[in-house]
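S.K.: First to last, the sequence lines map onto chains A and B.
Last residue of the first sequence: number 620 in my numbering, and the count goes up by one each step with no gaps.
Last residue of the second sequence: number 646 in my numbering, and the count goes up by one each step with no gaps.
Think of the hints as simulated: they come from the structure by calculation, not from any bench.
Watch out, some of these pointers could steer you wrong.
BS3-like, lysine-lysine: derived pairs with alpha carbons at most 25 Å apart [said to hold, decoys possible]:
| # | chain 1 | residue 1 | chain 2 | residue 2 |
| --- | --- | --- | --- | --- |
| 1 | B | LYS623 | A | LYS471 |
| 2 | A | LYS468 | B | LYS623 |
| 3 | B | LYS536 | B | LYS294 |
| 4 | B | LYS438 | B | LYS393 |
| 5 | A | LYS468 | B | LYS424 |
| 6 | B | LYS633 | A | LYS471 |
| 7 | B | LYS424 | B | LYS294 |
Here are the chains, one letter per residue:
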Amino acid sequence: MLIIENLHVEIEGKEILHDINLHIGEGETHVLMGPNGSGKTTLLRTIMGFSGNKVTKGSIIFKGRDVTDLPLHERSRYGMGIMFQRPPTISGLKLGKLLAATSGNNPGAIAILAERLGMTDFLDRDINANFSGGEIKRSEVLQLMVQQPDFVMLDEPESGVDLENISIIGAEIAKLVEKDRHIINRHKSGLIITHTGYILNYLEADAGHMLCEGEIRCHGNPREILKVIKDKGYRECIECQKIEKS
Amino acid sequence: MPEDREKLKSVSSEDQKRIELSGVEVDSDNRCGTFFQEDQNIVTSHCQYEGIEMLPIDIALKKYDWLKDYYWNLVPRDKDEYTRYVAEQEPRGFVVIAKSGSKNIFPLQTCLFMHKSEIQTVHNIIIAEEGAELHLITGCVSSMDVKKGTHYGVTEIYVGKGALVSNTMIHTWGENIDVFPRSASRVEEDGVFLSNYVSMKPVHNVQMYPVAELTGKNSVARFNSVVVVHPGSNLDLGQYAVMSGEGSSAELLSRLITKGGTGISRSHVIGAGEGTKGHIECKGLILEDGIIHAIPEIEGRLTNTELSHEAAVGRIARDEIEYLMSRGLDEEEATATIIRGFLDVKIVGLPASLQKQIDSAIDAVESGF
Numbered sequence: 375m376l377i378i379e380n381l382h383v384e385i386e387g388k389e390i391l392h393d394i395n396l397h398i399g400e401g402e403t404h405v406l407m408g409p410n411g412s413g414k415t416t417l418l419r420t421i422m423g424f425s426g427n428k429v430t431k432g433s434i435i436f437k438g439r440d441v442t443d444l445p446l447h448e449r450s451r452y453g454m455g456i457m458f459q460r461p462p463t464i465s466g467l468k469l470g471k472l473l474a475a476t477s478g479n480n481p482g483a484i485a486i487l488a489e490r491l492g493m494t495d496f497l498d499r500d501i502n503a504n505f506s507g508g509e510i511k512r513s514e515v516l517q518l519m520v521q522q523p524d525f526v527m528l529d530e531p532e533s534g535v536d537l538e539n540i541s542i543i544g545a546e547i548a549k550l551v552e553k554d555r556h557i558i559n560r561h562k563s564g565l566i567i568t569h570t571g572y573i574l575n576y577l578e579a580d581a582g583h584m585l586c587e588g589e590i591r592c593h594g595n596p597r598e599i600l601k602v603i604k605d606k607g608y609r610e611c612i613e614c615q616k617i618e619k620s
Numbered sequence: 278m279p280e281d282r283e284k285l286k287s288v289s290s291e292d293q294k295r296i297e298l299s300g301v302e303v304d305s306d307n308r309c310g311t312f313f314q315e316d317q318n319i320v321t322s323h324c325q326y327e328g329i330e331m332l333p334i335d336i337a338l339k340k341y342d343w344l345k346d347y348y349w350n351l352v353p354r355d356k357d358e359y360t361r362y363v364a365e366q367e368p369r370g371f372v373v374i375a376k377s378g379s380k381n382i383f384p385l386q387t388c389l390f391m392h393k394s395e396i397q398t399v400h401n402i403i404i405a406e407e408g409a410e411l412h413l414i415t416g417c418v419s420s421m422d423v424k425k426g427t428h429y430g431v432t433e434i435y436v437g438k439g440a441l442v443s444n445t446m447i448h449t450w451g452e453n454i455d456v457f458p459r460s461a462s463r464v465e466e467d468g469v470f471l472s473n474y475v476s477m478k479p480v481h482n483v484q485m486y487p488v489a490e491l492t493g494k495n496s497v498a499r500f501n502s503v504v505v506v507h508p509g510s511n512l513d514l515g516q517y518a519v520m521s522g523e524g525s526s527a528e529l530l531s532r533l534i535t536k537g538g539t540g541i542s543r544s545h546v547i548g549a550g551e552g553t554k555g556h557i558e559c560k561g562l563i564l565e566d567g568i569i570h571a572i573p574e575i576e577g578r579l580t581n582t583e584l585s586h587e588a589a590v591g592r593i594a595r596d597e598i599e600y601l602m603s604r605g606l607d608e609e610e611a612t613a614t615i616i617r618g619f620l621d622v623k624i625v626g627l628p629a630s631l632q633k634q635i636d637s638a639i640d641a642v643e644s645g646f
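Please take these sequences and the hints and turn them into a complete structure.
M.R.: Put into C-alpha cells, the structure is as follows:
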C-alpha cells in the first residue's frame, strides 16, 4: 500500500525528517509513536502532500505509484485520507455541505453515518466552529467515513477526547481500517499517531514505529514499544539509538 | 402580475435577467406586491395584500396629510448635497404602510431601475404600525444601456411598537454608476428592524451610512452586508445604530471581498440606554490586491451597556484551502467553497423565500471567483 524510502524532509530550510523508511502493506494498520517534536505530524503531512514540507530526497510510493510530487488533492482522490489533530474552522461552510461534496452524492449514507457518530445536529453547523475536542474528532472520523480512503492517517485520534467519545471514535476507526473484517478480506491500511496507546484498546495494530529526532529508531510490536516508553520514557529510546550508532 | 410583464416589454432580456438577479420577480406569485420605477417614471405600483398599502410617494403625500410628518423627518432635507438635490426634484419613490397587525408572508418587491436617464432620484417611506410584520425586497438595477449615471435614494423607515420590518436591498449597478443612498430608521418598543444589503456586481461609487435609532424599550436592529468589490469600484459603506431605548440591541455585520477595488466598512454603535447590547462584526477577504478598510467604532455612554466588535481582514488561510484539498477538492474548488462560506449570512427572522433570494444572488457570482 505505502512504501517510503530514504525520505528526507525540510521545513523552512531545516531538515526535520532524516532517512525515513516505512512499509505498510495492504490491510495493515501501523502506529507511530515518539516524543513531542519528533516529526510524527510532519511525516503524516508529508505523506499527504501538505505545503511547507519539502521532500529533499527519497520517495513515497502509494498503491504502486510514485506520489512524491503529486498535489494534495490528487493524493486524496487516489485514496489517501487524513484525520487532523487540530483542523481549521471554516466559517459559513456547513459540515453537511462538505460531506455532500466529497460523498459522490450519496446523502443517504451521510445521514446514517452522522447518526452513528452522533453528528446529525452538526451537519448544519459551520465546520469545527465551537466544536468540543470530542466533536472535532467525531467530525473528522465522519468525513473519513464518507470519503472511504484506502489508506488513512490519524493524528492522535484520542487526544482531548473523553472516555465515551473515545469508544465511539475507536469503534469507527476500526471500521475505517476494516478491522471488522476477516484478515484476508482487509484491504484498507492505516497509520496512527498515538501517545497513550488508548486507541489500541479498540483496534489491534500490526506494527509500531518509534520516531525520535526525525528518525525512525525502532520497529516492532506496538504494545511492547509502548511498554518500554511507559516504563523507561523516551530517553531510553534516544540512548538506545546512540549506543547502536556508536 | 402578467400585466407587469407587459409593461416591461421594452426592457431587454439581458436587463430582465439583471432585474431578476436583484430579487425582483416580475410575474411571480411569490410576491405580495410590486413597485417598479423606471428612471423617474412609475411603471407599476400595487399590493394585493390586505392591510398593506403601497403607493407612489407623490400620490401618498396628496392622499394622506399626516404623511408630511414622516417626510424628511428621519433623514434631514439638508443633510448633504445629495439629500438637498432629491428635495429639489418632484418626489418619486414609494410609500408602504403596513397597518397594525398585518403580516405579509410573501415579500413586497420594489425595483428602482435606471433604464435611459443619467440621474434617478427616489424618496421612500416605510411605515409598519404596531404589531405589523413587513418584508420588503428592493432591487436597484441599471440597464446595460446606461453608460454613466447617478442614483440618489432617500429612505425613511418607521418600525412601530412590536413591529418587524425586514428590508433586503440587492444592488446590480454598472461600472460607471454612482450611488448615494441615504436611509434612516426609527424602531419603537419591542420593534425589530432587519436591514440586508447585497452587492455582487461592479459599480463605480457607492456611499451610504444607514442609521438606526433604537428609541424603544427592547428594540432590535440587525444590519447585514454582503459585498464583493470589483476592480475600479469604490464602496464606502457603513452602519450606524444609536441604542437609546432601555434593553435595545444592535448587531452590525459585514462581509467584504475585494477583487481589486476599494471597500470601506464603517460601523458605529452607540450604547446610550440602560441594559443595551451592541456588537459589530466585520470580516474582509482580499482576493486580489485592493483595499478593505474596516472601521468599527463602539461608543458607550453609560455603565450599563455592553459593546463589542471583531474585525479581521486578510487573505484566505492556506490551512483552510489545504484542509478541503485533503478531502479531494482541487485548489479552485476549495477556494470557491471557502468564499461561498465566507459570504454565507443566515439572517434570523428573515422569511425563507428572502433568504433564498440572498443566497441565489450570492451563488450567481460564485463561479466568478
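S.K.: Please go over all the hints and tell whether each is borne out by the structure.
M.R.: Status of each hint after checking the structure:
Taken as a hint, the LYS623 (chain B) and LYS471 (chain A) pair is honoured in the structure, with Cα atoms around 15 Å apart against an allowance of 25 Å. Proximity of LYS468 (chain A) to LYS623 (chain B) is assessed by CA-CA distance (about 12 Å); at most 25 Å being required, the pair is judged to hold. Restraint check: the Cα-Cα separation between LYS536 (chain B) and LYS294 (chain B) comes to about 23 Å, which is no more than 25 Å; the hinted pair holds. Restraint check for LYS438 (chain B) and LYS393 (chain B): the C-alpha separation of about 41 Å exceeds 25 Å, so the hint is violated.
For the given pair, LYS468 (chain A) sits about 40 Å from LYS424 (chain B) by alpha-carbon distance, which is inconsistent with the 25 Å threshold. Note on LYS633 (chain B) and LYS471 (chain A): the hinted pairing holds, with a Cα-Cα distance of about 16 Å set against a maximum of 25 Å. Our distance criterion of 25 Å between C-alpha atoms is met by LYS424 (chain B) and LYS294 (chain B), whose separation comes to about 18 Å.
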